[in-house]
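Visitor: I would like the entire structure built from these sequences, with the hints used as guidance.
Number of protein chains: 2
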Amino acid sequence: MEIGGSSESQTQNETKKGKSKIPRKPKESLLKQKSPAEFFAENKNIAGFDNPGKSLYTTVRELVENSLDSAESISELPVVEITIEEIGKSKFNSMIGLVDRERVDAQLYDDYETAKAREKRLAKEARAQEMQAKNAALGKKVKEQSSTKGMKGRGEASFYRVTCKDNGKGMPHDDIPNMFGRVLSGTKYGLKQTRGKFGLGAKMALIWSKMSTGLPIEISSSMKAQSYISFCRLDIDIHRNIPHIHLHEKRNNDDWWHGAEIQVVIEGNWTTYRSKILHYMRQMAVITPYAQFLFRFISDAPDKNVTIQFARRTDVMPPVPLETKHHPSSVDLLLIKRLIAETSKQNLLQFLQHEFVNIGKSLAERLIGELGPEFSPKMVVKSLSDQQIVRINQLFRQAKFDDPTGDCLSPAGEYNLHLGIIKELHPDMVATYSGSAQVFEGHPFIVEAGVSVGGKDVKQGLNIFRFANRIPLLFEQGADVVTRTALKRINWGSYKINQTQDRIGVFVSVVSTKNPPLKGLARSILEMILQR
Amino acid sequence: MEIGGSSESQTQNETKKGKSKIPRKPKESLLKQKSPAEFFAENKNIAGFDNPGKSLYTTVRELVENSLDSAESISELPVVEITIEEIGKSKFNSMIGLVDRERVDAQLYDDYETAKAREKRLAKEARAQEMQAKNAALGKKVKEQSSTKGMKGRGEASFYRVTCKDNGKGMPHDDIPNMFGRVLSGTKYGLKQTRGKFGLGAKMALIWSKMSTGLPIEISSSMKAQSYISFCRLDIDIHRNIPHIHLHEKRNNDDWWHGAEIQVVIEGNWTTYRSKILHYMRQMAVITPYAQFLFRFISDAPDKNVTIQFARRTDVMPPVPLETKHHPSSVDLLLIKRLIAETSKQNLLQFLQHEFVNIGKSLAERLIGELGPEFSPKMVVKSLSDQQIVRINQLFRQAKFDDPTGDCLSPAGEYNLHLGIIKELHPDMVATYSGSAQVFEGHPFIVEAGVSVGGKDVKQGLNIFRFANRIPLLFEQGADVVTRTALKRINWGSYKINQTQDRIGVFVSVVSTKNPPLKGLARSILEMILQR
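Same order as they appear, the protein sequences are chains A and B. Just so you know, my numbering puts the end of the first sequence at 540, numbered straight through with nothing missing. Just so you know, my numbering puts the end of the second sequence at 540, numbered straight through with nothing missing.
Be aware that a few hints might be false.
Remember, identical chains collapse to one label, so a pair may be satisfied in a single copy or spanning two.
Here are the simulated DSBU-like cross-link-like pairs (lysine-lysine), alpha carbons at most 35 Å apart as the crow flies [claimed, not checked]: (1) LYS142 x LYS128; (2) LYS200 x LYS386; (3) LYS200 x LYS52; (4) LYS99 x LYS408; (5) LYS97 x LYS353; (6) LYS258 x LYS132; (7) LYS408 x LYS42; (8) LYS390 x LYS42; (9) LYS408 x LYS97; (10) LYS40 x LYS177; (11) LYS386 x LYS97; (12) LYS40 x LYS369; (13) LYS40 x LYS467; (14) LYS312 x LYS496; (15) LYS52 x LYS284; (16) LYS353 x LYS52; (17) LYS258 x LYS128; (18) LYS173 x LYS496; (19) LYS312 x LYS52; (20) LYS312 x LYS504; (21) LYS200 x LYS353.
Honestly, the hints are just simulated from the structure, not real lab data.
Guide: Below you can see the structure in the form of structure tokens.
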């Protein structure tokens, strides 16, 4: 019984009244059980793998963000190299040991055109050109009719090898397989500001490679002062949610390199996501001016190649986000139970004092007194009943505690935000602001903001840059609180800024132990900050 | 080895070159493994349980949608009763067997005010009133300063008992515990149009009750012509992801009732989500005019009570969505592997012919010929190598197949959409449109749309109603393709409709075997449809 007492006696009554006994061991059910890996393969849009183009984008960002986290965790100024290499079909086939086949039965293919269809198409194109010439003569602009061709099939796939190399912490040799090949395993358990959304990270890239190319992921990694480099090639057994190791070995590390290099081959779409990926890199360079990024796109057609270096402009790094204890205002029943299960403390007094922030000894004693006569400072914390835990939770919700400090947070810093904006946008004018820590439901958060006018590669009107825990947010713009506030609630004219003519940059960065931090952030706070 | 051949020999070379052997059995890792239930408890926002208010809303919709699915699956005109009962703190405490406590140490509480603070507040309030009076005299409107009080703590919790009763199919007695108490188990495995997003449904409501109240869920259910009613009270062991059964018994079913009644007690927030919940019910009534809904909110303050009956207006029900086979253009490597693992067919010819839509015998033979010399119609399908599966996938992507038909889909129907709009909005004018099936990446979809002008309880300007697989979408409005198209790309003036003055309803419903169906739907298609 989870909830004992009264409901227990109720249960007994109902059992007596019932027609049959409780079946203690139900028969084997016909329901199917999915593994977490299967769930995320089937619902890959949850993690940003909606389609090949977005999957390429998300793979890049997951790898880049892991690299930054890793370098920052050992206070190393990050150096991140990211390469996207286009792989033609022939090359891809030779990689997997498949012989290229010439088309034999031409009429089988989607792009096959009968002689009649060809005639029809040419006639149609001629008519369209004629129309266009006429309209051009009349000075009319005609929008090209959008083709729905792409809607029917998916067309031929494009493949890319994505490689990300960093100078970070590296990974323990024996942990590597599970860190990549087992969904829902990880180390991000404590409460702290993290870049990752759900800790799925590179695992989703591996699942996507499994779905689209079948090729394994390759990991090279070494930790500081480690004499060898761990090399691992693996994929994932989706059904059992376990890593499937092809090769896992130690290699020479003559240069005492530390960091990680991850390589994955996936289906993608550079054409449709090129600009999103470059935007992402640029926004990351704005919020991380102490990192050095080298971004490369390599294709068979050299004129399509891209190489962009985002240079480091400062050695000042934000502090490493610290793990913190939970604030009593932010916990729920499950969390209190988990803390009780995991605590090393014996009695209730010690538990309250050591497992939460802002409960000192005297406050703990007063709280225990207020809980009621069946509580005492010396009672064994692991013996608390479910009802007693509910009582503690209720008092936590009503009692007054000091706000958590923002000490555990790692904001970009006004200096860095200012520098990042100047470095990447070269505006005529820039103003930044860095707030002090505030609190939302027991979670501290810090908002930093900037406004720029003019600059290089900045379009007319509002250019919104949103950051959450120091990663750029590029999706769902328009509905978000930053965009709405900047568009509708700021009177730009009163600052002598023309909202449609000027090239305005609006930068808002929020960091918090709550993830995602922008959700639930009240508009009023944002307005207040943007209007300073 | 998942990818054999060339990469296998590569592996051996590298093993020889490597410094040490492959550790076949790595040491026990220090990484932690989460259960799926723990993952969703920690990331409950994925499933729409962002905060207490939204959790109440999502609980209601999950239960209502399950009820509709259930009744429709046995072609029963749905009758759904949903009740939200506010539970005061004293009542809640007595439910869990907790004694109410009077406050003793008043200064412990968040709402405690020192004499000095009280003086200050009163003085401030007096000043504010004076200001307001002055401004009112001058005819100025002053927005009240928004309080940030709610931002700090979470305040006292509000509890609700949510009950949903239907006349649906019911559930097999022995399956009930796993259907509620085990995340990622379920029956929704085939390919068909489904209402649910991830099949999490009522499980998330149970996880949320576990986090917020600790109270179990109660299920009564009977299947057609079943002489007993199954009753089950259970909660979930989050860590092990298994149901924890309090009571599971058979009771008399003298009235030969069939259907299900689910009851769960959760923290919620009726005040902030009242209008969302009522909007949801109304939109559901529009798209489901053949169902009868009774919605009730019951509180201790009778003047806050709500009772709304949404009456049935037709007996015409859309056809039950049929399970269909996959279209060859829509599959990926993992899916082909799963179909191979699950097929009862022996050889490749039979497999292609029977496990996909739109591959007849002669096409299957031509495809096998085109695959290359190492393929033959009689080859054992379960013996296909990874490379051969990649080859099949490649040909599926390039070959031409007939489009899937929309026969498996269950659109609302133009008659029902028209009726639903008239019944709930009473507009002066309404026009509807129902498209024929189209195809997106091998998935058939049907778009239906309507426009209304005027009516009851319709605000001035655009009122957007979006439906995906016949459920209302209320969130992320503004960024979505329907709203953007209606706002920016439709020239309302040319239809003699005033976009800001008239009360316009815009209704767009998409059904598809792809879930979520609106993602990826091209704007051009929508424009085309709205502009007819």
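Visitor: For each hint, tell me whether it holds in the structure or not.
Guide: Results of checking the hints against the structure:
{"no.": "1", "hint": "LYS142 x LYS128", "result": "within (21 Å within a copy, 76 Å between copies)"}
{"no.": "2", "hint": "LYS200 x LYS386", "result": "within (30 Å within a copy, 58 Å between copies)"}
{"no.": "3", "hint": "LYS200 x LYS52", "result": "both (26 Å within a copy, 18 Å between copies)"}
{"no.": "4", "hint": "LYS99 x LYS408", "result": "between (65 Å within a copy, 24 Å between copies)"}
{"no.": "5", "hint": "LYS97 x LYS353", "result": "between (60 Å within a copy, 31 Å between copies)"}
{"no.": "6", "hint": "LYS258 x LYS132", "result": "neither (63 Å within a copy, 70 Å between copies)"}
{"no.": "7", "hint": "LYS408 x LYS42", "result": "between (44 Å within a copy, 33 Å between copies)"}
{"no.": "8", "hint": "LYS390 x LYS42", "result": "both (33 Å within a copy, 22 Å between copies)"}
{"no.": "9", "hint": "LYS408 x LYS97", "result": "between (64 Å within a copy, 19 Å between copies)"}
{"no.": "10", "hint": "LYS40 x LYS177", "result": "between (40 Å within a copy, 19 Å between copies)"}
{"no.": "11", "hint": "LYS386 x LYS97", "result": "between (70 Å within a copy, 28 Å between copies)"}
{"no.": "12", "hint": "LYS40 x LYS369", "result": "between (50 Å within a copy, 32 Å between copies)"}
{"no.": "13", "hint": "LYS40 x LYS467", "result": "neither (52 Å within a copy, 46 Å between copies)"}
{"no.": "14", "hint": "LYS312 x LYS496", "result": "between (39 Å within a copy, 34 Å between copies)"}
{"no.": "15", "hint": "LYS52 x LYS284", "result": "both (19 Å within a copy, 28 Å between copies)"}
{"no.": "16", "hint": "LYS353 x LYS52", "result": "between (41 Å within a copy, 29 Å between copies)"}
{"no.": "17", "hint": "LYS258 x LYS128", "result": "neither (63 Å within a copy, 69 Å between copies)"}
{"no.": "18", "hint": "LYS173 x LYS496", "result": "neither (42 Å within a copy, 44 Å between copies)"}
{"no.": "19", "hint": "LYS312 x LYS52", "result": "within (29 Å within a copy, 42 Å between copies)"}
{"no.": "20", "hint": "LYS312 x LYS504", "result": "neither (41 Å within a copy, 48 Å between copies)"}
{"no.": "21", "hint": "LYS200 x LYS353", "result": "within (22 Å within a copy, 52 Å between copies)"}
Comparing the model with each earlier hint shows violations of hints 6, 13, 17, 18 and 20; every other hint is respected.
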